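So the sequence lines, in the order shown, correspond to chains A and B. Position one of the first sequence corresponds to residue 1 (the numbering used here), numbered consecutively onward. Position one of the second sequence corresponds to residue 1 (the numbering used here), numbered consecutively onward.
FYI, nobody ran anything at the bench for these hints, they're computed from the structure. This one's a predicted model, so the numbers in the text were calculated from it and none came from an experiment. Glycine included, every Cβ here is placed at the ideal spot set by N, Cα and C. Be aware that a few hints might be false.
[Claimed, not checked] Straight-line Cα separation of at most 25 Å, SDA-like style, residue types lysine to any residue; simulated pairs:
# : chain 1 : residue 1 : chain 2 : residue 2
1 : A       : 37        : B       : 6
2 : B       : 37        : A       : 84
3 : B       : 251       : B       : 219
4 : B       : 37        : A       : 16
5 : A       : 37        : A       : 14
6 : B       : 37        : A       : 83
7 : A       : 166       : A       : 41
8 : A       : 166       : A       : 37
9 : A       : 37        : B       : 37
[Claimed, not checked] Distance ranges between label pairs, derived from CB positions:
#  : chain 1 : residue 1 : chain 2 : residue 2 : range
10 : B       : 217       : A       : 53        : 47 to 55 Å
11 : A       : 82        : B       : 192       : 45 to 53 Å
12 : B       : 42        : A       : 1         : 17 to 25 Å
13 : B       : 180       : A       : 82        : 39 to 47 Å
14 : A       : 37        : B       : 182       : 35 to 43 Å
[To be verified] Chain A residues, not near chain B, derived (Cβ > 10 Å throughout):
#  : residue
15 : 6
16 : 14
17 : 65
18 : 77
19 : 81
20 : 87
21 : 100
22 : 122
23 : 142
24 : 149
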Amino acid sequence: MQTTLTVNGTRHQLDLDPRVTLLDALRDHLCLTGSKKGCDHGQCGACTVIADGRRINACLTLAVMHDGAELVTVEGLADGESLSPLQQAFLDHDGMQCGYCTPGQLCSATAMLEEVRAGRASHVTGELEGEMRLTREEITERMSGNLCRCACYSGIVAAIEEAATK
Amino acid sequence: MRPFDYHRPDTAEAALNDASDGTAFIGGGTNLLDLMKLEVMTPDRLVDVNHLGLNRIEETDDGIEIGATVRNSDLADDARIRRRWPVLSRALLAGASPQLRNTATTAGNLLQRTRCPYFQDIDAACNKRDPGSGCAAVGGELRNHAVLGTSEHCIALHPSDMAVAMRALDAEVVIRGSGGSTRTTGLPDFYRLPGETPHIETTLEPGELITAIRLPAPPGDRQAYRKVRERASYAFALVSTAAVLRMENGKIASAALAFGGVGTQPWRDAEVDTLLRDERPSNALFDKAGEVLMRNAELREGLEFKKPLAQRVLKAVLTEVTR
Ligand SMILES: Cc1cc2nc3c(=O)[nH]c(=O)nc-3n(C[C@H](O)[C@H](O)[C@H](O)COP(=O)(O)OP(=O)(O)OC[C@H]3O[C@@H](n4cnc5c(N)ncnc54)[C@H](O)[C@@H]3O)c2cc1C
Ligand code: SF4
Ligand code: FES
Ligand code: FES
Chain A
1 MQTTLTVNGT RHQLDLDPRV TLLDALRDHL CLTGSKKGCD HGQCGACTVI
51 ADGRRINACL TLAVMHDGAE LVTVEGLADG ESLSPLQQAF LDHDGMQCGY
101 CTPGQLCSAT AMLEEVRAGR ASHVTGELEG EMRLTREEIT ERMSGNLCRC
151 ACYSGIVAAI EEAATK
Chain B
1 MRPFDYHRPD TAEAALNDAS DGTAFIGGGT NLLDLMKLEV MTPDRLVDVN
51 HLGLNRIEET DDGIEIGATV RNSDLADDAR IRRRWPVLSR ALLAGASPQL
101 RNTATTAGNL LQRTRCPYFQ DIDAACNKRD PGSGCAAVGG ELRNHAVLGT
151 SEHCIALHPS DMAVAMRALD AEVVIRGSGG STRTTGLPDF YRLPGETPHI
201 ETTLEPGELI TAIRLPAPPG DRQAYRKVRE RASYAFALVS TAAVLRMENG
251 KIASAALAFG GVGTQPWRDA EVDTLLRDER PSNALFDKAG EVLMRNAELR
301 EGLEFKKPLA QRVLKAVLTE VTR
C-alpha cells in the first residue's frame, strides 16, 4: 500500500504491507534505528515517537494509518550538531546507562513538556482546572509510560527538571 | 500477524459497507494490534474508523456526546468534561500511559478485551477465545480475575477504567447498523455477562459501528475515582471505584457507584446505590455498602484479597466524597 511519511522533515514514499507497524517502517524500511523495539506490545515506551505533535507508541500502530503524518523521531531532536536542551540535560545528569530506552525517553519527555505547557492534567494533578506545575511527582507520573531497565530514573527526572526551566 | 486487507473509508456509510464477516474496525489499534500480533484476534480485514468525522465532543441539551474516535487523552483534557464529569477525566488519567491514551479511542476503550493471561496464550484452553475449549483460569493461577458476574465458563475481568466511570455516569452507546439504522443502548444492556457464551461480550452485532457515547447531565457533583494497582502507575486496576454523589442537608441525596477490577463487566449494583440514599454518611453505613457489594462474590483461591480491598477502597472513596 502506498504510504507517505514525513519523518524529521523529509518526505518518504513507501510501498508497505498493511501489517508493517510504524516502528518497523521507521527501523526496517527507512533505516532510522534510533527508535527502539523493547516489548512490541505497548508496555515499555522504547518505541515512543512524536506523530503530528503527540507522543505515541510506534509499535502498536500501523504505518499505513499514518499516511500523510509528520513524525519526529530521536534522530530529529537535535539541530544539526547542537543537542536539544533535553538531550544535553540527559548527558549532564547521567540519564542513561545502556541507552536502550533513551530515544523513547527523549521523544516522550519532549512531547510531555509541551503537554504541560498546554495545561494537560495528569493522574497526580491536584486540581484538574488549576495551573500545571511540573513537580518531581508530576514528572515521574507523566513519564511512567517509559520504563528504564537500568533504572536511571533519578538521572532522567533530574534532566527533565532542568530542561523544563529552559 | 496474519495477512489482512486494510480499508480507510471516509464516511460511516462506507465503513459499514466495507464491513463483512471477519472484519474488525480499528480505532487506535492499541488492543486489536496487540492481540493480532499474538494471533488471538485474526481479522481478515481492518476498516480504519479514524477518518469518519467521529472525533468531536459536542454538548447536547444537558449532557454531552463523545465521538467514537475521540482520543482518551483529548477526552480527559476536555474543559467541559473536567468541569462537569471530572470522574471520567480521573478514570482516563489513571489508565494506561500518556502515549497509549494519545492513541486509544473512546469506542476502542469500551470494547477492549480482557487481560486474562490464558486468553492471550493461544496454547491455553479458553472459552472466550475458542468457544467450548474450556477455561484454563478456573483451577489455574489466579491474580487478576473477576469475583462478580462470573460463570463456570469464564471468570475474566473487564479491564477498562474509563468504562467504570461511564457506568456510574449512566453512559449510552450510539450504534449504527449496516442498514443505516441507529440505536442507543445503556451500558447495562451493552455488556453481557459471560454465562455460557463468554465469547459474546456485548450486544453489538457483527458489522455494527459505535459512532458515539452519550452522557446525560451528571447525576451528582461530588465525584471521585480511586484505583489501586500493583505499581504506582501504568498498570491495570486490582480494584477501582467511581463515585458520583449528591448531598443535601448532610444526607446522601443520590449515589451512583461503579467498580473496576471485580466484575466480568464494569460493575454497578443498584442495591449499593439504594442503601446509601437518604442516609447520613457514617463508617457503619460504608461498611454495610461494602458487605452488600460483595454479598455474591466468588472468592476463588488467589482472589480472596479482592473482597477486603474492594471494601476498603469503597469506604475510602465514600469518605472522600461525603466530606
Ligand atoms: C501496556 C498497556 C497498559 C494498559 N493499561 C490500561 C489501564 O490501566 N486501564 C485501561 O482502562 N486500559 C489500559 N490499557 C488498554 C487501553 O486502554 C486500550 O488498549 C484502548 O483503550 C483501546 O482503544 P483503541 O482505540 O486502541 O482500540 P482498538 O484496539 O482499535 O479496538 C479495540 C476493539 O474495539 C473495536 N472497535 C474500535 N472502534 C470501534 C467502533 N467505533 N465501533 C465498533 N468497534 C470498534 C475493535 O474492532 C477492537 O475489537 C492498556 C493497554 C496497554 C497496551
Ligand atoms: S477466564 Fe475467560 S478469558 Fe480467561 S481462560 Fe477462562 S474463558 Fe478464557
Ligand atoms: S516497543 Fe513499543 S512499547 Fe515497548
Ligand atoms: S538506560 Fe538502559 S534501559 Fe534505560
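Hint check:
no., hint, in the structure
1, A/37 x B/6, "24 Å, holds"
2, B/37 x A/84, "35 Å, violated"
3, B/251 x B/219, "15 Å, holds"
4, B/37 x A/16, "17 Å, holds"
5, A/37 x A/14, "21 Å, holds"
6, B/37 x A/83, "36 Å, violated"
7, A/166 x A/41, "34 Å, violated"
8, A/166 x A/37, "30 Å, violated"
9, A/37 x B/37, "14 Å, holds"
10, B/217 x A/53: 47 to 55 Å, "33 Å, violated"
11, A/82 x B/192: 45 to 53 Å, "58 Å, violated"
12, B/42 x A/1: 17 to 25 Å, "20 Å, holds"
13, B/180 x A/82: 39 to 47 Å, "57 Å, violated"
14, A/37 x B/182: 35 to 43 Å, "42 Å, holds"
15, 6, "18 Å, holds"
16, 14, "14 Å, holds"
17, 65, "6 Å, violated"
18, 77, "16 Å, holds"
19, 81, "29 Å, holds"
20, 87, "19 Å, holds"
21, 100, "17 Å, holds"
22, 122, "6 Å, violated"
23, 142, "6 Å, violated"
24, 149, "14 Å, holds"
Checked against the numbered hints given earlier, the structure breaks hints 2, 6, 7, 8, 10, 11, 13, 17, 22, 23 and satisfies all the rest.
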